[in-house]
Amino acid sequence: MKAVCWMGKSSMETRTVPDPELINPHDAIIKVTRTAICGSDLHLYDGFIPTMESGDIMGHEFMGLVEEVGPEVTNLKRGDRVVVPFTIACGNCIFCKKKYWAACDNTNPNAHLMEKAYGYSGAGLFGYSHMMGGYSGGQAQYVRVPFANVGPLKIENDLPDEKVLFLSDIFPTGYMAAENAQIQPGDTVAVWGCGPVGQFAIASAFMLGAARVIAIDRFQERLDLARSLGAITVDYSEEDVSVLTALKDLTSGVGPDSCIDAVGLEAHSNELQGIYDVVKTALFMETDRPSVLRQAIQAVRKGGTLSIPGVYGGLLDKVPFGAAFGKGITMKMGQTNMHNYMKPLLERVEKGQIDPSYIISHRITLDQAPEMYKIWRDKKENVTKIVIDPWA
Amino acid sequence: MSSSPLTEKPYVEDLPRSTGASVVVSGRYLPPPEDKDGKLWVRTSALVLKDAQVLYAMWRDVEAAPQWQEHLVEVVETGPGTSRWSMRTSNDDDSKVITWESEVLADEPGVRIAWRSIGGDVDQAGEVIFDAAPNGVGTVVTVLQEFRMGKLASAWETLVGRNPKQAVIENLRHFKALAETGEIPRSQLDPHGDRGVIGNFKRSSYGETVPTPTGGN
Ligand SMILES: NC(=O)c1ccc[n+]([C@@H]2O[C@H](COP(=O)([O-])OP(=O)(O)OC[C@H]3O[C@@H](n4cnc5c(N)ncnc54)[C@H](O)[C@@H]3O)[C@@H](O)[C@H]2O)c1
Ligand SMILES: [Zn+2]
Ligand SMILES: [Zn+2]
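Chains as they are written, first to last, in the working numbering: chain A, 1 to 392; chain B, 1 to 217.
The shape of chain B in the complex, shown without the other chains (with noise of 0.2 Å):
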């Protein structure tokens, strides 16, 4: 077998394209890598109904990616593959940010992208596969995340209160959110009434502090 895109990190390596986004290699389920030697990792799939070329289109225009990617402050296109990215590390428009190089490790229009960081305030590496659905209806998107806990990971769990794994998990259903219908929904903007010291306790602790991306809108 090559190289599995479950267990091994940037995969450059061409990947078993057998199934349904890789998570059935050889006919058996493989389950999401373990977290282990200070290495977390994150898998998690959408099934969206556009275009896996659309969708590859998407996410490969990284300088878009603040309108969907929790806390992104900025990501600007440095060179053909690379990118600086800037990432907000509390909840608060004024709070410090933190920034890294970004380089595409490999770039298959319609069907995947890899990237990894290079130097700057955090290490991580990650995978999104487009599969078409089993059924021909629509397009398995699959993410693979991995992280060194590093300044990142704890900047995300400390000040911004969302796990990282989660945080990828959100990530990918804003995407869908904003490819099959041009928005992702909001709701923390609605009006209320005093919401009190518990009121405000609890929306902490639904992660509703963590402001949801604009969707360009």
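Chain A with its partners taken away, still in its complex shape (with noise of 0.2 Å):
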């Protein structure tokens, strides 16, 4: 079958591989029929997230047909319709049971590795490092999905898969991010990037009774998207811009009462923080970027609540935490516990509530997908989405 492969840093190949095979009797095999590149993907592309070996198979938004399933699967059969979750999770161990999914204790081959650089380990992940499990992604033709008990949606409507792939991930993960903001009636939300999680984050936070959302980014593109869903943007690349004097003007010199930084460890940023953690990033005395996370915890209300969808890999540096302490924020974050989400979003998806195909862009094929790394990691084209057909 084809996939892309990762093939070092900076270097995405589409390779003819193996295809998949059952391996344990919870599994299932996926035909691919859409699947996408998301921003978590691009940390793996720029080297953010260790243990990543060439020839890893990418993708972890994928949905498909049930091609076959190992003997103890029972709630699924061959033609079967399925969104996946990009968390792989067991279903039995006492996190899932308290519906911590992506903190799995069972999932996780490698473990081990986790547990070295993070004291406990999380649920596997699809396509994303040695250390989140070594399993092959979806941006492939076929790809093993384990527990498919517990993961896989059952699609039983005739929508598109450009309606119902972003339950994989994004959707979920914007509507948890929302829901980790703690939003009362009437709140004020701002949100850090408007990439496909800023953008649910968004939608999200107004369904979850957000009286007004600030949203904030550089790219027109992205904040039009964004005023679409009824959010007041700022653009912080625009001179005399500066985001916390922004968000001060808008929240009556009280703050947002929830902050979300749908940005996470590669933040952009033209200050001179910038350029001190891009200078130690490469020294390897930092491993993240965290200027966006900086500015979110000074611009919050005393007593608000920062939520941090966008990931974070490592060590940070000048994190502002006498800050925090000093208003008493609550702060939540964490990989999105899908399957808590999938189902009632589908609902909210089928009744017309929200049409999560608004934010593609680009819709292409395998062979076009590491060109497409590059276009995405820029953000040239105007991209916002990209969506992969693996038979195309």
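Calculated from the structure, these hints are not laboratory results.
One or more of the hints may lead you astray.
Unchecked claim - Beta-carbon label-pair distances, calculated as ranges:
| hint | chain 1 | residue 1 | chain 2 | residue 2 | range |
| --- | --- | --- | --- | --- | --- |
| 1 | A | ASP19 | B | GLU74 | 28 to 34 Å |
| 2 | A | SER10 | B | ARG195 | 36 to 42 Å |
| 3 | B | LEU30 | A | LYS99 | 29 to 35 Å |
| 4 | B | ASP61 | A | THR365 | 48 to 54 Å |
Glycine included, each C-beta is placed from N, C-alpha and C at the ideal position.
Build the complex: two chains, separate frames, hints provided.
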């Protein structure tokens, strides 16, 4: 089959690789009908997440048709149409039982690598480094899905793939980001990053009762999408714009009730601190560039909530923890507990409350993917979301 | 205080069972024993959402151990409480095999099992304790194992690429996954593109050349 392989930092190649096979009794093989490139994939492309091996198959946002199931798979059969969550959960451990699916105890075969770095290991993820399990991803024609009784969501309607594909990650991720923001009706919420995760965080913040959402980015097409959802936008790259002042001005000097960092470890910054982070990460003295996190901690109101769906991988420098403490803020974060959100969000799509396909800008083939990674990283061609048809 | 399971080996004596897995004795936390005099110790525990009796039976079924313990080729029961173990000395299927006999020292259904090796290529002793979790949900499985630096430990270290302590930790992880889900998560057989020299080097440094046990699947 064809698959997009990580061949080193800034190097993706579409290769012919063996087809996946059933390995464990709860496995299913999915014939991928649509897959996507995620902002998280950029962290792999740019070499920020360690333990990638050349030859690794990328991709954690995918859906398709069940091709084959293992002997213990009871709720899927060949031909079923499914969306697969990017986190792999067993359904039986204490964390799954508590609905912290992303913290599943039993799905990372390389848990010891993550234990060394993080103390404890979270769930295995598709196509997201060996520390996160070493599973092959879904930017391919076929993919093996472990614990298929637990993860895949059956799609039993005739909605096109593009309307349900993002239930595999970014829609639930944006939704959990808004939930983690602890929004009360009438609140003002600031969202950094108007990429796909930011978009769904904005839409979800309104669903959860926010009166106002302030969206921050520098790309016009993304700010336009945010305004189309009803957000007030701030272009941080404009001369004379200070994000902190803007947020103060827009909140009667109080600060947003909740702040959402939908950017993560590769935040862009044109201030002095940004240069500091670029130099430090280049010298391996710091692993992440937390300029949005710093800003969000400064910006949030006293007693407010900071929700962090943006990914951080390692050690952060100059995080104003004193400000966080001084204002008594709450911080919530983490990989999305996908399984909690897929079904309820599918219902919203079915009822026509939201059409997630509005963020798609590019539809490509597997062969075009390596080139598109570059465009996606550089945010060229007004790219907002790339969807791949593996059979085109 | 009676003999502490944490400071002495093969405990045929009664354990102080006042607390969760005897990590706490008389209200005080006891760290795992220190390595000394050529002895290595490892203590590790896991919360498993299964009944203690079920877990005990799974552990006691020594002939099934190769399903979840790394590198084991075969375990044969040779008598009441005795068994013969054979283990690969490298990650290749056709590698040399070392064998040893093992004897059960304590066997309390649903509570604990203690064992030690007798003769053969290795010198090790161990114990597993099954304790109700403090909040009543699940069973805390604690393994305490001791090795003398001998053929087994050095085979592990040098040929297999797993430090013996890590192997005990991984085996308990496999045991838990198998008990809770009926399988052990595996990704080594997934398809991939060309690994190249660096990719292959990384695989072995991440422990991915150690074959994950099949869980009997
Ligand atoms: N928590 C999870 O489970 C989860 C799941 C999916 C994605 N993510 C993470 O969410 C983040 C966003 O993902 P995405 O797909 O939307 O990526 P993306 O790269 O498309 O979007 C990031 C956006 O942030 C903007 N940005 C960069 N620097 C900024 C700054 N200083 N201020 C304001 N905006 C800035 C960029 O212009 C871009 O539009 C990534 O870190 C991704 O890894 C997390
Ligand atoms: Zn993603
Ligand atoms: Zn689990």
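The hints, checked one at a time:
1. For the pair A:ASP19 and B:GLU74, the beta carbons lie near 32 Å from each other, so the given range of 28 to 34 Å is met.
2. As the Cβ distance of A:SER10 to B:ARG195 is approximately 18 Å, the hint placing it in 36 to 42 Å is violated.
3. For the hinted restraint 29 to 35 Å between B:LEU30 and A:LYS99, the CB-CB distance of approximately 34 Å keeps it satisfied.
4. Take B:ASP61 and A:THR365: their Cβ atoms lie about 51 Å apart, and the range 48 to 54 Å holds.
Checked against the numbered hints above, the structure breaks only hint 2 and satisfies the rest.
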